[in-house]
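We have chain A; now place chains B, C and D onto it with these hints.
Residue numbers (my numbering), protein chains in the order written: chain A, 1 to 99; chain B, 1 to 99; chain C, 1 to 99; chain D, 1 to 99.
Calculated directly from the structure, the hints in this document are not laboratory data. Errors might be hidden in some of the hints.
Which copy is meant is left open, so a pair is good if it fits within one copy or across any two.
Straight-line C-alpha distance at most 25 Å; calculated DSS-like pairs for lysine-lysine [unchecked claim]: (1) Lys-2 - Lys-92; (2) Lys-97 - Lys-57; (3) Lys-97 - Lys-27; (4) Lys-35 - Lys-2; (5) Lys-27 - Lys-92; (6) Lys-57 - Lys-2; (7) Lys-35 - Lys-92; (8) Lys-2 - Lys-27.
There are 4 protein chains.
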Amino acid sequence: MKVMIDLCVVPLGVSVSVSPKIAECEKIIRSSGLKHQLHPYGTVIEGEWDAVFAVVKQCHEIVHEAGAPRITTTIKCGTRIDRDQTMEDKVKSVEEKLN
Amino acid sequence: MKVMIDLCVVPLGVSVSVSPKIAECEKIIRSSGLKHQLHPYGTVIEGEWDAVFAVVKQCHEIVHEAGAPRITTTIKCGTRIDRDQTMEDKVKSVEEKLN
Amino acid sequence: MKVMIDLCVVPLGVSVSVSPKIAECEKIIRSSGLKHQLHPYGTVIEGEWDAVFAVVKQCHEIVHEAGAPRITTTIKCGTRIDRDQTMEDKVKSVEEKLN
Amino acid sequence: MKVMIDLCVVPLGVSVSVSPKIAECEKIIRSSGLKHQLHPYGTVIEGEWDAVFAVVKQCHEIVHEAGAPRITTTIKCGTRIDRDQTMEDKVKSVEEKLN
Numbered sequence: 001m002k003v004m005i006d007l008c009v010v011p012l013g014v015s016v017s018v019s020p021k022i023a024e025c026e027k028i029i030r031s032s033g034l035k036h037q038l039h040p041y042g043t044v045i046e047g048e049w050d051a052v053f054a055v056v057k058q059c060h061e062i063v064h065e066a067g068a069p070r071i072t073t074t075i076k077c078g079t080r081i082d083r084d085q086t087m088e089d090k091v092k093s094v095e096e097k098l099n
Numbered sequence: 001m002k003v004m005i006d007l008c009v010v011p012l013g014v015s016v017s018v019s020p021k022i023a024e025c026e027k028i029i030r031s032s033g034l035k036h037q038l039h040p041y042g043t044v045i046e047g048e049w050d051a052v053f054a055v056v057k058q059c060h061e062i063v064h065e066a067g068a069p070r071i072t073t074t075i076k077c078g079t080r081i082d083r084d085q086t087m088e089d090k091v092k093s094v095e096e097k098l099n
Numbered sequence: 001m002k003v004m005i006d007l008c009v010v011p012l013g014v015s016v017s018v019s020p021k022i023a024e025c026e027k028i029i030r031s032s033g034l035k036h037q038l039h040p041y042g043t044v045i046e047g048e049w050d051a052v053f054a055v056v057k058q059c060h061e062i063v064h065e066a067g068a069p070r071i072t073t074t075i076k077c078g079t080r081i082d083r084d085q086t087m088e089d090k091v092k093s094v095e096e097k098l099n
Numbered sequence: 001m002k003v004m005i006d007l008c009v010v011p012l013g014v015s016v017s018v019s020p021k022i023a024e025c026e027k028i029i030r031s032s033g034l035k036h037q038l039h040p041y042g043t044v045i046e047g048e049w050d051a052v053f054a055v056v057k058q059c060h061e062i063v064h065e066a067g068a069p070r071i072t073t074t075i076k077c078g079t080r081i082d083r084d085q086t087m088e089d090k091v092k093s094v095e096e097k098l099n
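So that you can see chain A by itself, here it is in the shape it has in the complex (with noise of 0.2 Å):
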């Protein structure tokens, strides 16, 4: 099963400025071989589901390794079995009906 997910890492009870523990997200991301895209309120994420949950995961512990007591992340999640879409597909999708 393919997913698309827009993943949002928060790490509490550090600094205000919690850029250098989104990077440690960003390292494993681009690790992870999967299609990602940066924006600026998350990394939208595309591939097979256990793959792109294994960097979920990943992703808090290394935010936890870099000193983070607590996380809270929102993800928004999405699969369909119509058809295929990339990330590609859904924005030109949006795109072409403004034109």
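Same frame as chain A, but now just chains B, C and D:
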């Protein structure tokens, strides 16, 4: 790693009434043996990471089998390594400060 | 337009324990007169759109005043125009299908 | 109070293809004059709190007018009072730590 999630599964491309498919998810959650609490905009589930996310995957599978071509799910997902905290603890912790 | 939201306010750059600030939000929600239900990963609030989102804004204001330099909030937000549905209706609708 | 949100509007009880209704939302966002960025699982919008949430409400109104009886929306919503931070700043801050 223990995790607490708030799970909200939304079937798309089906009837405006989604409760039959949410009930299918509830059956999976209840048969998992994991601690859980249904509320008006989701279900809170608590347990070991892999067991909890196995339930999330099974919910997507059952809702597709039940006829939904597409699903979008929102998950809030919390872990902490400083101490154990159950779902009852979290509510009690807020309520104590209100009294 | 009636709306039901699930609100989860997360103060950043403060202590790992966020319940004192969540309790401040709960006070605002309770004094608003809106129907609400606290659960382990948020609070469900029901009412007219403008009244509900005024409460969300007040929660951000009070949590900043209480010392949090940064806040990230997750909101699920539902509207429907086909019929009225309360938070009790939503839970009952699922539970009836489980019996 | 400045706010940055990640907005994901999901029409229910309609066709499996939601992009025509998302395009209606995009038109509202673009005509608002607010800074915004479409990504594969939502749109990030930045501006003064009241202006941003007025857009969210208009999106619900237009999607109902376009025929959706029901909508569920997920919003991530961030405010900070320690300093200004644009959507470009947030991405740059992560990318700098990756290099």
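* To do: Enumerate the violated hints, using their earlier numbering and listing them in ascending order.
  => none
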